[in-house]
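Novice: Spelled out from the first residue to the last, the chains are:
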Amino acid sequence: MQLDSMYQEIILDHYRNPHNKGLREPHNGEAHHINPTCGDEVTVRVRLTPAVEGGALDDKATIADVSYDSMGCSISQASASVLTDLLIGSTLEEGMRMLDEFTELMHSKGQGEPDEDVLQDAVAFAGVSKYPARIKCALLAWMAWKDATAQSLETEKEGAS
Amino acid sequence: MTTSELGRLDVEAVRADFPILARTVRDGRPLVYLDSGATSQKPRQVLDAERDFYERHNAAVHRGAHQLAEEATDAYESARATISAFVGAQPGEVVFTKNATEAINLVAYAMSNAATSGEAYARFVVGPGDEIVVTEMEHHANLVPWQQLCQRTGATLRWFPVTSDGRLDLSGIDELINDNTKLVALTHQSNVLGTVNPVTAIAERAHAHGALVLVDAAQSVPHMPVDVTELGVDFLAFSGHKMLGPNGIGVLWGRPELLAAMPPFISGGSMIGVVYMDHTTWADPPQRFEAGVPMAPQAVGLAAACDYLSAVGMENVLAHEQALTQYALKQVGDLPGVRIVGPTDPVDRGGAISFTVEDIHPHDVGQVLDDVGVEVRVGHHCAWPLHRCYETVATTRATFYLYNTFAEVDALAEGIQATQRFFGTAAAR
Numbered sequence: 001m002q003l004d005s006m007y008q009e010i011i012l013d014h015y016r017n018p019h020n021k022g023l024r025e026p027h028n029g030e031a032h033h034i035n036p037t038c039g040d041e042v043t044v045r046v047r048l049t050p051a052v053e054g055g056a057l058d059d060k061a062t063i064a065d066v067s068y069d070s071m072g073c074s075i076s077q078a079s080a081s082v083l084t085d086l087l088i089g090s091t092l093e094e095g096m097r098m099l100d101e102f103t104e105l106m107h108s109k110g111q112g113e114p115d116e117d118v119l120q121d122a123v124a125f126a127g128v129s130k131y132p133a134r135i136k137c138a139l140l141a142w143m144a145w146k147d148a149t150a151q152s153l154e155t156e157k158e159g160a161s
Numbered sequence: 001m002t003t004s005e006l007g008r009l010d011v012e013a014v015r016a017d018f019p020i021l022a023r024t025v026r027d028g029r030p031l032v033y034l035d036s037g038a039t040s041q042k043p044r045q046v047l048d049a050e051r052d053f054y055e056r057h058n059a060a061v062h063r064g065a066h067q068l069a070e071e072a073t074d075a076y077e078s079a080r081a082t083i084s085a086f087v088g089a090q091p092g093e094v095v096f097t098k099n100a101t102e103a104i105n106l107v108a109y110a111m112s113n114a115a116t117s118g119e120a121y122a123r124f125v126v127g128p129g130d131e132i133v134v135t136e137m138e139h140h141a142n143l144v145p146w147q148q149l150c151q152r153t154g155a156t157l158r159w160f161p162v163t164s165d166g167r168l169d170l171s172g173i174d175e176l177i178n179d180n181t182k183l184v185a186l187t188h189q190s191n192v193l194g195t196v197n198p199v200t201a202i203a204e205r206a207h208a209h210g211a212l213v214l215v216d217a218a219q220s221v222p223h224m225p226v227d228v229t230e231l232g233v234d235f236l237a238f239s240g241h242k243m244l245g246p247n248g249i250g251v252l253w254g255r256p257e258l259l260a261a262m263p264p265f266i267s268g269g270s271m272i273g274v275v276y277m278d279h280t281t282w283a284d285p286p287q288r289f290e291a292g293v294p295m296a297p298q299a300v301g302l303a304a305a306c307d308y309l310s311a312v313g314m315e316n317v318l319a320h321e322q323a324l325t326q327y328a329l330k331q332v333g334d335l336p337g338v339r340i341v342g343p344t345d346p347v348d349r350g351g352a353i354s355f356t357v358e359d360i361h362p363h364d365v366g367q368v369l370d371d372v373g374v375e376v377r378v379g380h381h382c383a384w385p386l387h388r389c390y391e392t393v394a395t396t397r398a399t400f401y402l403y404n405t406f407a408e409v410d411a412l413a414e415g416i417q418a419t420q421r422f423f424g425t426a427a428a429r
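Chains W and L are the protein sequences, given in the same order. For the first sequence, position 4 matches number 4 in full-length UniProt numbering, and the numbering has no gaps at all. For the second sequence, position 255 matches number 255 in full-length UniProt numbering, and the numbering has no gaps at all.
For the record, the hints were derived by calculation from the structure and aren't laboratory data. None of the values given here were measured: they were computed from a predicted structure. There could be a bad hint or two in this list.
What the hints assert, rightly or not - Calculated lysine to aspartate or glutamate pairs in the EDC-like style (CA-CA distance at most 20 Å, straight line):
1. 157(W) to 58(W)
2. 136(W) to 370(L)
3. 130(W) to 375(L)
4. 146(W) to 101(W)
5. 130(W) to 370(L)
6. 330(L) to 348(L)
7. 109(W) to 370(L)
Claimed, not checked - Just a few of them, taken from the derived set where beta-carbon distance is under 7 Å, the chain L residues facing chain W:
8. 363
9. 371
10. 379
11. 394
Here a beta-carbon is modelled for each residue, glycine too, at the ideal position from N, C-alpha and C.
Please construct the entire structure, taking both the sequences and the accompanying hints into account.
Specialist: Take a look at the structure:
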């Protein structure tokens with residue numbers, strides 16, 4: 001069965017017992033993404049806080065919270081859950097690096113050699129990259145997080161001006 | 001199953017004509033292809049016909065006076081005659097398009113182009129106060145073009161709802177189709193539910209109010225005998241690739257007097273009467289709607305597909321699929337945790353079986369099925385509003401054709417159970 005390479009135990013665990021699910025306050029950015037091929041949906045909320053109290057939100061800003069609500073397949077659900085574990089408490093710079101690494105892994109067609117130090121549990125999704133139709137499922141929450149983060153930064157800029 | 005149980009259709013003989021059905025997938029699993037509703041496989045006869053055209057007669061049709069051009073044009077127009085006869089039509093009533101989607105768009109755009117095409121085309125003008133009626137079970141291809149037409153012209157879009165058991169709710173028909181109705185566009189057979197709609201009865205009501213009727217026959221012409229002279233509609237659209245034919249060719253059939261009164265959709269070469277620097281007159285149908293060098297090799301391939309289906313007999317194709325559908329409704333529908341979305345009785349119902357599996361997302365169902373070689377469709381099948389009616393985002397869909405077997409239905413049912421075991425859902429315990 002090739003299936004086991006995709007449905008790693010870590011993925012099934014996160015799917016059955018998702019972490020940080022349910023939208024939380026406070027947040028300063030939110031994005032809603034839909035996968036048009038299957039109708040799966042995710043809403044991601046982000047709270048960024050400045051590295052220095054009262055300072056600007058820059059690369060060193062802390063991802064103080066990420067919460068989400070979603071509806072979809074095991075891969076998209078587990079990916080959202082793993083994402084929150086990785087991102088909460090990281091700096092924005094670290095988060096963006098994880099996003100880049102994860103995106104690269106998803107487009108590796110099963111040939112990727114993920115950096116476990118960066119991606120941690122998310123390395124379990126390496127097998128998904130062999131199934132082109134499922135890559136979007138794994139990336140859905142990450143893309144929504146990226147947009148929600150952009151909104152956080154935008155909101156802060158508007159607040160400052 | 002013996003051939004006698006399948007009527008007069010010899011499935012093994014049919015399967016031998018489709019090279020792809022002999023291949024394996026995913027680590028040597030025999031291919032169980034249950035996605036013909038998305039696209040059908042092609043028999044050698046169709047592939048040979050297309051190749052023969054390219055190898056022996058290839059030229060741009062309706063252009064040039066050399067021998068190859070003559071032969072190519074003759075092959076193209078002979079194909080039109082064969083394809084027309086397949087649905088009981090005359091060759092001059094059949095327009096070749098890219099696919100059913102383009103055929104529907106052709107009518108929708110002719111209707112909006114009519115507003116700026118002068119008095120000769122006034123019959124097709126729609127605007128504020130006019131109504132276009134569709135149904136909730138339409139494929140996006142027969143919904144979005146009408147939404148767009150209404151947005152461009154100010155006409156109003158209305159629709160028939162569906163019932164919980166997957167039929168059209170006709171209880172409001174007397175109000176829904178009225179003197180404001182200009183066009184009723186509906187599917188002959190739902191690509192999700194399998195439901196076969198009473199298009200003739202609806203067309204009678206529409207015609208009584210002066211409305212035109214367009215039928216999306218992409219899921220009916222491949223699977224049952226269809227005769228446009230009996231159906232009582234005005235336009236019929238279908239795709240070649242869903243009926244054993246090549247990709248890139250579809251058909252719009254229209255009543256000849258209507259096609260003659262329609263302005264063009266796409267303009268350019270070979271759809272013209274006379275061209276001046278500042279204006280142009282149009283060719284008669286069907287050429288008026290076939291701008292540019294047409295898809296002659298695909299027309300030849302589609303004609304070969306029609307010949308193939310006619311040789312098997314569309315009555316036999318229908319009977320075979322009905323038997324498979326009845327069997328699948330039981331084998332799949334009886335599984336614990338499985339809900340069929342669509343009619344559960346085989347009456348007025350074609351071979352599309354969409355279902356949900358409790359606590360397992362269709363993507364995951366499709367993935368496990370794929371792992372055992374069973375190829376189905378997952379998602380909303382381009383009928384997103386319909387899925388909302390049944391309070392689900394997506395379904396898993398199996399669709400049958402003349403080359404499918406009862407054993408393949410068993411493989412589907414076993415695959416669903418394997419999925420339930422894999423995800424450890426309640427129904428599996």
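Novice: Each hint should be assessed against the structure and marked as holding or not.
Specialist: How the hints compare with the structure:
A hinted pair counts as satisfied when its Cα atoms are at most 20 Å apart, and residue 157(W) with residue 58(W) qualifies at roughly 11 Å. At roughly 18 Å between alpha-carbon atoms, residue 136(W) and residue 370(L) fall within 20 Å of each other, so this suggested pair holds. With a C-alpha separation of about 17 Å, the suggested pairing of residue 130(W) with residue 375(L) holds against the 20 Å cut-off. Using a Cα cut-off of 20 Å, the hinted pair residue 146(W) and residue 101(W) holds, with the two alpha carbons roughly 14 Å apart.
Between residue 130(W) and residue 370(L) the CA atoms are separated by roughly 13 Å; this keeps the pair inside 20 Å, and the hint holds. At roughly 16 Å between alpha-carbon atoms, residue 330(L) and residue 348(L) fall within 20 Å of each other, so this suggested pair holds. Annotation: proposed proximity of residue 109(W) to residue 370(L) holds, straight-line Cα distance about 18 Å (limit 20 Å). Checking residue 363(L) against chain W by beta carbon gives a least distance of about 4 Å; that is within 7 Å, so the hint holds.
The restraint placing residue 371(L) at the interface with chain W holds, with a minimum CB-CB distance near 5 Å, inside the 7 Å limit. Of the supplied interface hints, the one on residue 379(L) holds, with its beta-carbon coming within about 4 Å of a beta-carbon of chain W, less than 7 Å. Satisfaction of the interface hint for residue 394(L) is found here, the shortest Cβ-Cβ separation to chain W being roughly 5 Å, below the 7 Å cut-off.
No hint from the list above goes unmet by this structure.
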